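Here the protein sequences come in this chain order: A and B.
Position 93, counted from 1, in the first sequence is what the working numbering calls 93; the numbers after and before it change by one each time, with no gaps.
All you need for the working numbering is the position in the second sequence, starting with 1, plus 1000.
Check each hint, because a few of them may be wrong.
[What the hints assert, rightly or not] Capping the alpha-carbon separation at 25 Å, the derived lysine to aspartate or glutamate pairs in DMTMM-like fashion look like this:
hint : chain 1 : residue 1 : chain 2 : residue 2
1    : B       : Lys1308   : A       : Asp393
2    : A       : Lys368    : A       : Glu446
3    : A       : Lys221    : B       : Asp1040
[What the hints assert, rightly or not] Between beta-carbon pairs, the in silico distance windows are:
hint : chain 1 : residue 1 : chain 2 : residue 2 : range
4    : B       : Pro1205   : A       : Arg57     : 28 to 36 Å
5    : B       : Pro1205   : A       : Thr397    : 49 to 57 Å
6    : A       : Asp86     : B       : Ser1306   : 50 to 58 Å
Rather than coming from a laboratory, the hints here were simulated on the basis of the structure.
A quick note: this is a predicted structure, and the numbers were derived from the prediction, not measured.
Even for Gly, the Cβ is constructed at its ideal location relative to N, Cα and C.
One letter stands for each residue in the lines below.
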Amino acid sequence: MSHYISNTDEERAAMLEAIGIGDVKELFDVVPEGVRFPQLHLPPALSEAEIMRQLGRLGRLNSDTQSTLSFLGAGAYNHFVPTAVDALLRRAEFYTAYTPYQPEIAQGTLQAIFEYQSLLCALTGMDAANASHYDGATAVAEAAIMAFTSVRNKRAVLVAPTVHPHYRATLRTYTQGLGLTVTGDEDTTGSLDDLLAKIDGNTAAVIVQTPDFLGQLHDLKPVADKVHAAGGLLIASVDLVALGLFQNPGAAGADIVTGEGQGMGIPLSYGGPYLGIFASKDQYLRRMPGRLVGATTDMNGDVGYVLTLQTREQHIRREKATSNICTNQGLMALAATIHMSLLGKAGLRKVAEICYHRAHYAASEIAKIPGFEVVAAGPFFKEFVVSSIHPIDSLNTVLASMGIQGGYDLTADYPHLGNAMLVCVTEMNTKEDIDQFVQALRTIWEGRSDL
Amino acid sequence: MNTFEPPIFELSGAGKCGVNLPAIDVPLVDLPQELLRTDDLAGFPELSETEVTRHFTRISQRNFCIDTGMYPLGSCTMKYNPKVHEAAARLPGFAALHPLTDPTHAQGALWIMEQLQSMLAEISGFDAVSLQPAAGAQGEFSGILVFRAYHRAQGADERVEVLCPDSAHGTNPATAAMVGMRVVEVKTDHNGNVDLDDLRSKLGPRTAGLMLTNPNTLGLFDEHVQQVANLVHAAGGLMYGDGANFNAILGIVRPGDVGFDYMHYNLHKTFTTPHGGGGPGCGAVGCKTFLEDYLPGPRVRHIIDSDKFELFPPPQSIGRLKAFHGNFGMIIRAWVYIRTLGADGLREVSENAVLNANYLRIKLQDLYPVAYNRPCMHEVVLKGQLREAPGAKTLDIAKRLIDYGFHPPTVYFPISVPEAIMIEPTETESKRNMDAFIAAMRQIAAEAVADITILKQAPTTAPLRRLDEVGAARKPILKYDPAKFRELRRAHVAATSNEQPERPTY
């Protein structure tokens, strides 16, 4: 028996006897005989020491952000995670519990989610935030569905071409059966003004990302005014880290705010689990998908927390629910809550400032290298587009050989930009790192015939 | 021990910060003034690292968890979460790996993903697996989208009805609705199986498929599962398998061998990636060859004639379900689990899970009527209808279990069973603990007869007493607000001065 099984052979025999059978196999007599007890062809079982050894070997085949100098972002970010976040996340009371169905013995999880909801409302300027979605992509897709069901007789969603390409793809996956059209991003060169010009009486929602996929910051106020004038809702997809410094989307007029919370205390983990944030104005609350925690009192009058407004959810409403979401990203929401609590008001602002200034330093230094150009149409946060005379894939291959992970290759998603990479700079990239990256690009330019 | 802990907002002190951040080491540039926030993050807490650590440690102590004790939450498979999984997922080669890393520099991660795809396919009898879905509900969503795409490709756009048994998880009908399908409910027969006559009457040219959990949510293996699959297929429909209860049949029977066309695996249940207080999960999906091209992507494959792996989008994919490649942090844990147990270990999992559940059934069914009187699989559904204490409700029994040191089972589900108590001990629970649980359940039945108020007042030993859920929904307080909290506490003072039950000590 494996080391996770707690019963002895004698105990198992006693249980079989109590049940009145001689062999555990008899419990499976109901399974059709011809397909019962198949021989599974799996690799041989390994001991813990063997597994960790193999994982160590496999891990070293990967170029991670600790073993290289990374300037890669594009929706997943190498931000600093304080040691205290994971130390608290590793408390079994948090990570080996499940959905707080029994509030009397789940106050830890419930209070943490309540605090998460509160912190998100403060950051986004929204009235209510749910307990999380899978990631920034699914949050924006469910926001579109929520807007569509909240606004009567409108069946179109406009999405800016500068929303993350994976988010736009997910949005289309989610809405394909609902009789809802998603347009606005067919021309990847389109500006926000071009998008706003497409608003008409059938527009249920407009989706804008800020900072957008290419790093640019946008003022949401004029966008919100145009969308509202046509009777639609503004969905803003945001980066929580940027909100420490930049515009409060709720104050600017957004109706629903979604985004990726990975940058707040969650490791890169090759793409997941991440954290989908989802918040809205009060008037859309009854159409909100996902779990919500509310404050209340117990029989003694002591303050406590419970899951609430559950009549929106699948386990009560079944096919009439606002979404099918059940399990969400509870532990990731907890990580973000701890992370935001550690940073506090000053830390949030400072992280954003470090990213901003270092990214601008990197951009100004790269712009000095012949053969490279920084393409920025307006203010940016921590990412910016660099165009090059070199194809980006070969540029990145050479950078990799120098121990540097270059920016995201934009060629496939935004062909109009030519050879372009999206460079990301965070508080993890020191001036020395940036100088090394710039020097590498300069070296490549100088030896350009090698590419 | 008093573990009361105020909302973190009440611990704040102006000017404190809990993180030691680097200095800005580059020349400062102007900030775009018109795009800055102007509200100074009003209400945001300011604490030291010491205070944040203590706050979250204290609230964590108000949680019951698997490491605390038996957590027999039916349909959730709350088995032990091995510690080695946590170490594995945190190795820097994985935890610090960016998802957009050039695949040639992420071969270790892709190797694990490809092997997990293959192993899940083998365990379940399917031909192809995608690891993309983030949770079971998303796996279901992908499956119904695939069914829709498949039927459309056959020119059968009219197949828009999804059949769900009345015992189905709520996610099944909710998923079908999200795809724009019509939900048709199918009855359960007197033995807890899909009612074949009712099924026949509801199948037809509009049938897209049937969503079936097997073993079902009654904890029973459907005695006619092959016949059900044959009927659905004969009507031109497809069979969706909800893998929530896969823990009962590892190495016992493969869903692909009894007629399922597509299924999801809940890696956070069967393959024990931790539940995290409500996620993250991973709802990987598997299917037969004829549906493979529609799977959500990207998937991972071995590059022929090489020792390399690559990501690829299936050619007619229903699309992306999320950004990047899936919840890799869960994928690596599930991989470790399967590699730890191997084929024999997996079969032991199911044999012990089913043995444990039947032991509980035998020991409790004289007091708590079973929903269906036949051997169960990994969970048993009882009714909280005590013959000699009709006033006792399932909720009371569940709350009283807390006082005996157990997490209550799933209650009031399936909704087709009145006063349902759904108990899933899992294979990792010991006989010793189950005997204590049985004794508690029997003692509670006796208390219900002797003095029902003991049950009605329960729990009294938990951090809180029963909470006012109706009030919470009537006047929602969904974020911290000092005025509303003052009001809640005033109600406290009023209540305690009004001869409420004595405050427990703990």
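To see whether the hints hold, each was checked on the structure:
1. Lys1308(B) - Asp393(A): 19 Å, holds
2. Lys368(A) - Glu446(A): Holds: Lys368(A) and Glu446(A) sit about 13 Å apart, inside 25 Å.
3. Lys221(A) - Asp1040(B): 19 Å, holds
4. Pro1205(B) - Arg57(A): 28 to 36 Å: The hinted range 28 to 36 Å is violated for Pro1205(B) and Arg57(A), with Cβ atoms some 55 Å apart.
5. Pro1205(B) - Thr397(A): 49 to 57 Å: 55 Å, holds
6. Asp86(A) - Ser1306(B): 50 to 58 Å: 36 Å, violated
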